[in-house]
Amino acid sequence: MSLKRILVTNGKGGCGKTSLASNIASYYASQGLNVRLFDHDAQGSSLAWINRRSEKLRRIEGVDVSKNSDCRMTRSWQTRVPPDTDVAVLDTPAGGDISEIISLFQINDTVLVPVLPSPIDIHATAHFIKVLLTTGKVRNRMIRIGVVANRVRKNTIMYHSLERFLFSLNIPFISSLRDTQLYARAFELGIGVQEINSPRSKIDKEQWAPIFRWIDTPVINKPAEIRTLFSQNEN
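Reading the sequence shown from the start, the letters are residues 0 to 234 in numbering that gives the first Met the number 0.
None of these hints come from the bench; they were simulated from the model.
Every value quoted in this text rests on a predicted model; they were computed, and no experiment measured them.
Beta carbons are placed, not taken as given, at the ideal position from N, Cα and C, and that holds for glycine.
Hints may be right or wrong, so weigh each one.
[Claimed, not checked] Below, a list of computed lysine to aspartate or glutamate pairs in the EDC-like style, where the Cα atoms sit at most 20 Å apart: (1) K11 <-> E194; (2) K3 <-> E60; (3) K136 <-> E99; (4) K129 <-> D108.
[What the hints assert, rightly or not] Restraint-style ranges between C-beta atoms, simulated for each label pair: (5) L32 <-> K129: 19 to 25 Å; (6) T133 <-> L181: 33 to 39 Å; (7) K136 <-> K201: 37 to 43 Å.
Go ahead and model the full structure; you've got the sequences and the hints to work with.
So this is what it looks like as structure tokens:
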């Protein structure tokens, strides 16, 4: 299979990028694919998650590409993707310069933007997405962008405000992930919710299903068509 590159990003920190990145990595690893998780954040949360992972589980290669990593290597050597990689997941830096994030984009990349249900996060994400969509590199390289509502509690006023905002965007609103301690528990064990063998994770696996279908669908240069394929009615 050809290399699949997935970037999880948002200009604002604390929105759950590492949670999304680790769950994406664990899912594709559980499918028997060779997965590399590139941690661009100096906090190293993705690498810490990998270090907690049991040797009995499918291996995920963690790569430290933060600015604090080995200065003896060139940047291009640090960020290279070995040819045996099936899926490369990039956990981008938190609160960094948007231009630095955009510099990571390559042709046919899939970009996921997690956003929390709060006024501050909605405002920051609106600005971030506007910059992405008006950047020539994004428009000209068949880079597709989708949004995931993270840590949500449905049937709350704030969630409905977030939902209205996301549906107003000209990019796919793929799914909503609930606010649950299962994600914290999974992180402690170095696993993803897809690897939790418990009835408690059933709803979470259902919420992730449209995300993986969207990632696995070939790039369509018409966001509206993608939106109709993966509506929120599936959740």
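A quick look at each hint next to the structure:
no. : hint                      : result
1   : K11 <-> E194              : 28 Å, violated
2   : K3 <-> E60                : 15 Å, holds
3   : K136 <-> E99              : 13 Å, holds
4   : K129 <-> D108             : 18 Å, holds
5   : L32 <-> K129: 19 to 25 Å  : 34 Å, violated
6   : T133 <-> L181: 33 to 39 Å : 37 Å, holds
7   : K136 <-> K201: 37 to 43 Å : 40 Å, holds
The structure is inconsistent with the numbered hints 1, 5, although it conforms to all the rest.
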